[in-house]
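Spelled out from the first residue to the last, the chains are:
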Amino acid sequence: MAKKTTKKPSGKKVTKKAPAKAKTAYRAERDAVTSERLQNLAEGIVTSALSGREPKLDVPTRAASNTKWNKSKGILQMGSAAQERQLFNMGQARKFMQTLLHGQGINELIDADKTLSLRGMFYKGLHTIAGTKEKTFNDQTESDGILEDLEVTVGSLREELHIFAKKRGTMVGNITVIDSGDTIDCRRMGSGGYAIPSICEPDVIQFEKVEADFVLHVEKDTVWQRFNEDKFWKTHNCILTEGSGQPPRGVRRLLHRLNKEHGLPIICLLDCDPWGHYIYSVIKQGSISLAFESERLAIPDAKFLGIRSKDYEACELSDDVKIELNDRDKTRAKQIAEYPWFQDKKAWQKEIQGMLRNGFKMEVESLITKDISYVTETYVPERLAAEDWIS
Amino acid sequence: MAKKASTTRATAETMAAKQREISVSEFFAKNRHLLGFDNPRKALLTTIKEAVDNALDACEEAGILPDIEVKIEELEAPPSATKPGRYKVTITDNGPGIVRRQVENIFGKLLYGSKFHRLKMSRGQQGIGISAAGMYGLMTTGKPMVIHTKPNKKKPAHHIELAMDTSKNQPEVTIDVETDDFPETSSGTGTMVAIVLEARYQRGKTSVEAYLEQTGIANPHAKITFIPPDKAAEDPEFNTENESPTASRPRERAEGNSSESPPAHAGGSPSDQIVRTIERADRIEYPRTIDELPPETQEIKPHPYGVELGSFLRMIKTTDEKQLAGFFKNEFCRVPPSTVSEVTKAASSSKKTITGQTYVSTIDNAAAEKLYKALQDAKLRSPPTDCLSPIGVRQMLAGMLKGVQAEFYTASTRSPAVYRGNPFQIEAAVAYGGDLPGDQPARVIRFANRVPLLYQQSACCSFKSVVDTSWRNYNMSQPRGAAPVGPLVVMIHMASVWVPFTSESKEAIADYDEIRKEMKLALQECGRKLGQYIRRRQKMKREGERRDIFERYIGEIAKACNALTGTDTQELYDALLRQAKRRTEIADAQLDEEGKFIKDEHGRLAKDEDVIIVQNGKIASDTDDAKQETEAKPAKRDGKKVAKKKVVKKKVRKKAAGEKATLFEG
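In the order they appear, the protein sequences are chains A and B. For the first sequence, the positions run 18 to 408 when this note's numbering is used. For the second sequence, the positions run 215 to 880 when this note's numbering is used.
These aren't lab readings, by the way, just hints derived from the structure by calculation. Here a beta-carbon is modelled for each residue, glycine too, at the ideal position from N, C-alpha and C. Do not take every clue at face value.
Label-pair distances were calculated between CB atoms; the ranges are [said to hold, decoys possible]: (1) B:648 with A:129: 51 to 59 Å; (2) A:341 with B:693: 50 to 58 Å; (3) B:419 with A:156: 47 to 55 Å; (4) A:131 with B:762: 33 to 41 Å; (5) A:360 with B:693: 53 to 61 Å.
Construct the complete structure from the given sequences, taking the supplied hints into account.
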């Protein structure tokens, strides 16, 4: 999974082995804990079965109902509610079986010290149940859900379970990182950029040299390409990241770490639509499905630079860029306005109201109508200089 | 005018010369459809029906368990599909026989019999049946009816051949000899009637076979042997006594039923085995499943409510009683002296005072009418009901079990009720599931005084009552205004001293509100039990599916736990399987009449008298024990013990079920 990198021959001197060994010790300890938790899980089932009690698992609920807004920390957190998963219940028996099957699979991964993708786990657990035509998993979605359940049930993170998601997201900028022992200079990533791995824990990624002043996170690849081509990160001394829509865990963890460890402000350039607002919300407070990881992912002081509802007039955009809000967008926007972390933010209420009043949404690309590099040369620099953002 | 007319028109005299009494026989010879001889196929059925009805009535009256053989021989095959063939029908019974001097009257005269003049529950009513059949035979083939009868065990039988003079309603005996050639019967007495007639033999819904099968259902105490033409031809020398079992190679209709062992029963309780109709190479047997004759019925006097004015006037004219008090007391039932004085007072006028002491002969028509009216207005008790002999729940179940292959049977007998002063009693039974076709409307089999009714189903009160009943309440599907659809057979029986048929051919019961209501109530009683059974069965199915699911996953779970903890896979698997079994116990449970789960000590069904459930569970299919399990029977012995057990188990189960339900919701 290590990305092929161009190493600087006379680059930063990095001792590859030493941190790797230290990591091994750290990881070994964590692995032992995870493995023990998995075994305890199975042990509990065995004990109930042998003593004639009903085998069951307690799976913390991953739902809006069990997500709490922690105002002082400014993040979403998972509540304490848990659901019982029973073997002898028609609706749960299959999931019960799948949970154990994956538990066993993960234990094997830990023993072998290897990692698998979510898809890999789907295939690892996949087989036909003896004497039937039924498969243990019908599709990957079923398997992914079980793995998330397992994360919260065992109380270990996905990385600790030796699972990674398909990687998404790219980074360039004034930073050098060490990824699994390989030094990567993000200033020399060509046009493609550095693919942010799905696991960005300190034992995998270390920040070697952070020279940037801030991080500009854009919504998608097309915008990122524009900024990279114009070498925006060079002129403004920043790090440029992209999360292909809602940023995956790896990207969020990386942003979180840059923000927390190096104090870099995270500035987001997203579309002016409910989806863009939601992405910002996820970066800022965390998401419902990963509420249990919010402390490691959420960036409460992330900033929303644009596109703003006022930009249609402020930038004198043409009518052609308007995309009409449909009913679903409107409902969604109202829901977002009701989020507790937006509720008492006047700027945000105004922003959402502004969008609703406009009756249309705008993509970041709409600025191209002004000029190909309007966004990199005018829009963002001006806003940055004016600190015209909301949070 | 008279003169002129004489040339062209008939005069009163010439007309008078043509006018003469029409004999009843002559009338029916021309209107044979009224008696059920409309077409050759029906003629065959009616002939057999009349003979079998008479035989059953005679046997029961004499206290003999009926043993009847029906044989049809094809003398000439039907030349084409539209023309009739020629058949010889022979019906042999083991009844009391007929004394020589009565033979002509019974077989040769229409409207002669013991049944018309009395109000007593019997199969035949009018006494036209068998003689009409003989007449039909004579008219279509010219062959006289041949009667062998042996009223005395020790004396030879009579051989009589009988023709009929239709114009005089008089029988003509052509041959009258004594003979020793009479088949041996169980009672030593008996009657054998042979009629040659133009007919057509066909299988199907309204066939002789269907009639006999249904007769067997309603008369489980009778043993009926049927030799259809194809089988009669196969073995014309057929004789029950010297028939070797190997030669006959029985083709059984019921599995797990040994046809070789004669159906032996003790004390009227059905045996352990299901006794079913047996089809052999040379005959079809409808075996006896109950060794009890139906109780003897009492003859009753007419109830005033059921007597019409004309009959009342005739009764006043023909009575032997001298005084009104005696007339009311002896010619009617349920007319107490208090009513007599009330009625006579009402009929009295200023001119004439009528009392109980008034001579009947002095009553004129006007007074009689007044008496009649007062009598209709008087409050009278319902007629006595000891005149009725219902088939009985147990007997109906035995009959249904014999004739219908299903898995669930229930029956119900209503209390007697009254229509137009005639007491009657309704019984119903249903059979459900098993091999019955599931996508067709339910089959309704109708009986009146134990006689199957095969024609005019939709005109019959009993069929209407089936349609009227909302079977959807009992988990059956039912199109609007139609019989329910599903694997269901519905049996309805009406027992009465006078069954109100819609026509003389006795094919459909007239639609009286009182009768329809009783029929519906009886059906509802059966329906409730059926509904419970169906619901429970569905639940069992669901539980079975649940267990399947659990068992499927247990293996995986045991393996995974083994990998994680090192626990022995098999040990864990067994432990989990035990739990799965316990949690889905209902899947193994058997049902009682309430649809509650019960098991008796043999793992067989315990149940009440009015329900039979035949189980053919999956496990049961491949072992010998399974066969045993598939055979159900009404459990009579230690019924009380089982009942107690039931109660305890019910409670436990209910609790468990409740818990499960809550878990499910959670």
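Going down the list of hints, with the structure as the test:
1. B:648 with A:129: 51 to 59 Å: holds, 58 Å
2. A:341 with B:693: 50 to 58 Å: holds, 52 Å
3. B:419 with A:156: 47 to 55 Å: holds, 54 Å
4. A:131 with B:762: 33 to 41 Å: Roughly 36 Å apart at Cβ, these two residues keep to the hinted range, so it holds.
5. A:360 with B:693: 53 to 61 Å: Holds: the Cβ-Cβ distance is about 59 Å, inside 53 to 61 Å.
Against the hints set out earlier in the document, no violation occurs for any number.
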